[in-house]
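2 protein chains.
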Amino acid sequence: MKMYFTPGPSQVHSNYEKDMKKAIKLHIPSISHRSKLFMEIMKGVEGGLRKLLSIPLSHHIFCISSSLESMERILSNVVKKKSFHFVSGSFGEAFAAASAAQGLKCDVHHLLPGERIPTDTFFLPSDTELICITQNETANGSCVPLEDIYRLKEKYPNIPVAVDIVSSAPYPDLDFTKIDCTFFSVQKGFGLPSGLSILIVCDKLVRTSTKKGYHDFPSLLSKSLKNQTPETPNVLNIFLLGEVLKAMNEKGIRKIRKETEEKAQMIETLGNLSVTDPTTRSKTVLVINTFGKTKEMKEKLEKKGIIIGSGYGDKKKIQVRIANFPQHSIDDVKRLLLYCRKYFAKRAH
Amino acid sequence: MKMYFTPGPSQVHSNYEKDMKKAIKLHIPSISHRSKLFMEIMKGVEGGLRKLLSIPLSHHIFCISSSLESMERILSNVVKKKSFHFVSGSFGEAFAAASAAQGLKCDVHHLLPGERIPTDTFFLPSDTELICITQNETANGSCVPLEDIYRLKEKYPNIPVAVDIVSSAPYPDLDFTKIDCTFFSVQKGFGLPSGLSILIVCDKLVRTSTKKGYHDFPSLLSKSLKNQTPETPNVLNIFLLGEVLKAMNEKGIRKIRKETEEKAQMIETLGNLSVTDPTTRSKTVLVINTFGKTKEMKEKLEKKGIIIGSGYGDKKKIQVRIANFPQHSIDDVKRLLLYCRKYFAKRAH
Chain A
251 MKMYFTPGPS
261 QVHSNYEKDM
271 KKAIKLHIPS
281 ISHRSKLFME
291 IMKGVEGGLR
301 KLLSIPLSHH
311 IFCISSSLES
321 MERILSNVVK
331 KKSFHFVSGS
341 FGEAFAAASA
351 AQGLKCDVHH
361 LLPGERIPTD
371 TFFLPSDTEL
381 ICITQNETAN
391 GSCVPLEDIY
401 RLKEKYPNIP
411 VAVDIVSSAP
421 YPDLDFTKID
431 CTFFSVQKGF
441 GLPSGLSILI
451 VCDKLVRTST
461 KKGYHDFPSL
471 LSKSLKNQTP
481 ETPNVLNIFL
491 LGEVLKAMNE
501 KGIRKIRKET
511 EEKAQMIETL
521 GNLSVTDPTT
531 RSKTVLVINT
541 FGKTKEMKEK
551 LEKKGIIIGS
561 GYGDKKKIQV
571 RIANFPQHSI
581 DDVKRLLLYC
591 RKYFAKRAH
Chain B
251 MKMYFTPGPS
261 QVHSNYEKDM
271 KKAIKLHIPS
281 ISHRSKLFME
291 IMKGVEGGLR
301 KLLSIPLSHH
311 IFCISSSLES
321 MERILSNVVK
331 KKSFHFVSGS
341 FGEAFAAASA
351 AQGLKCDVHH
361 LLPGERIPTD
371 TFFLPSDTEL
381 ICITQNETAN
391 GSCVPLEDIY
401 RLKEKYPNIP
411 VAVDIVSSAP
421 YPDLDFTKID
431 CTFFSVQKGF
441 GLPSGLSILI
451 VCDKLVRTST
461 KKGYHDFPSL
471 LSKSLKNQTP
481 ETPNVLNIFL
491 LGEVLKAMNE
501 KGIRKIRKET
511 EEKAQMIETL
521 GNLSVTDPTT
531 RSKTVLVINT
541 FGKTKEMKEK
551 LEKKGIIIGS
561 GYGDKKKIQV
571 RIANFPQHSI
581 DDVKRLLLYC
591 RKYFAKRAH
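As given, the protein sequences belong to chains A and B, one line each in that order. According to the numbering used here, the first sequence holds residues 251 to 599 in order. According to the numbering used here, the second sequence holds residues 251 to 599 in order.
Source of the hints: derived by calculation from the structure; they are not laboratory data. Nothing false has been slipped in among the hints.
Below, computed lysine-lysine pairings styled on DSS-like, alpha-carbon distance capped at 27 Å:
(1) A:Lys554 - B:Lys272
(2) A:Lys403 - A:Lys355
(3) B:Lys268 - A:Lys271
(4) B:Lys553 - A:Lys286
(5) A:Lys501 - A:Lys301
(6) B:Lys330 - A:Lys330
(7) A:Lys505 - A:Lys584
(8) B:Lys252 - B:Lys584
(9) A:Lys553 - A:Lys566
(10) A:Lys473 - B:Lys545
(11) A:Lys275 - B:Lys548
(12) B:Lys550 - A:Lys275
(13) B:Lys548 - B:Lys584
(14) B:Lys545 - A:Lys293
(15) A:Lys330 - A:Lys428
Could you put the whole structure together from the sequences, leaning on the hints where they help?
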């Protein structure tokens, strides 16, 4: 059996085969997206997400096809002229690029991977309509501490904040009173096939949008109030997400988060961590310097059935990325470490 | 076992369970969308589609998340000010609404369900940038004969034509020298779960687009040349589509089309067809008047394991819609007719 520690798509949830069999038995791929059964499934997904992530009723939950689409829709529904982006890596750049692609102006504050947002000394341009933050940067394993996001919001309470938690959800314990929208993809921390992004938006941003497309906030809300989606969505993945959420809520989010921290600590013992500050080091995507040995390491681990991610972009050959998602059990991590240690430990400081 | 004759989502392809097992065995939900394996799968899908639908190299093939998205992207990439729509039902209206939602002007020529486009006497406004045609209207079971589309193109060779074949593909034998773009969804005539639309666009429309978003034509092309997609796509469905295409190409498109016509003729013997002109009656979605008996009929058929579609919109209670897709075998249709006959036949003319 192979075990994927890749940063997404990644290992599937341990119930995946069982849930897929249930989907086939219930004819989920054939049911209408306007049927009672679908609406019950949607309602279950919404309830499951609200419970797991403590999402208050002030925020709506929408199904989107990918997180790149979530970025695009947030920008087009919220920003008329100018967005502001904190960018510490490739996925922050993608968020800024989504703004530029729409002909919007975007100001960028670059952060080195692992650098804190200087919330005290930092001042936003006065015409900023939206602050975009990549809370977890999949490309380099850095993260923005939630307290930095909250401090920004305290400083600028009237400017909406959009937070990319694509590769950290459900780990971050977000306070939704301080977040206007956020989004993630199910092929990362939810152990599902790709093709579904969950977009969570506060009511005010939905009400102030004047956009009229099928995936603009008002259309999304009008269907979501009926537990439906504007288009025929990825019904199968929505069903599977509902099943994963049941299992996660049964286990409990506290335990999931505690285990995430425990497993991160275990992986950190490998040393050579790309981000050295523990407050800005991601718990869910750990990036390790390999000194050019990435290809060799990946190949040797693959022979043991363990798949890890290469470095991203220009770090492809000199880093590896190891995902630490809820579907990776403590025993899975022990097995990973067993085979990793001989490559990493001897190079440790 | 249930059998879905609904107009989509519909019955899955007979190999569906086998293909899904293969996907699980190959860890398809976990593979990277930048991996060699994914690129091979994408290449297979492209090759399979080109063979099945005789798509020439002048046209590119893109993966989109839904056909509503395909409509939106076509309009935003092709039209600067004004589109023209032939509308004979709700999905034609959706195409026109997608134009209006973008703030574009759209002229509409309404057709009664089953009415031909008056190609000889009809004249387009001179500022038309795109002609949009719903070749198969899922809402009412009418279709636009391909010869009408071709005649329009002969009359206006310089105006691009976009053809919605969402619920008829792979049946229409399109001549791509006369079509600029077309699209369909896999949950209809390809017997797959929903969450994937295939968009086919001629090279000229890609080259003339100046749009820069992740799902705009230039970005889609730049990734598709590498057998990739801009976002993490619905990898599982792309894999399953590749498998379905292998089976379809093995059977041969001629046989698939011939059987579609045979099965349509069989279903037509039920009488009370909503569209009476055989040249504009869809072969893939047959709509039958029920004289208010829709609910009773659907319930009685459901007890026999046969699911058919209600009428659409205000026809919900007075029509039924029966899909005739490649995954419905001649024996399936015989079984459908056996149970339908007692409700429909006695009301036949």
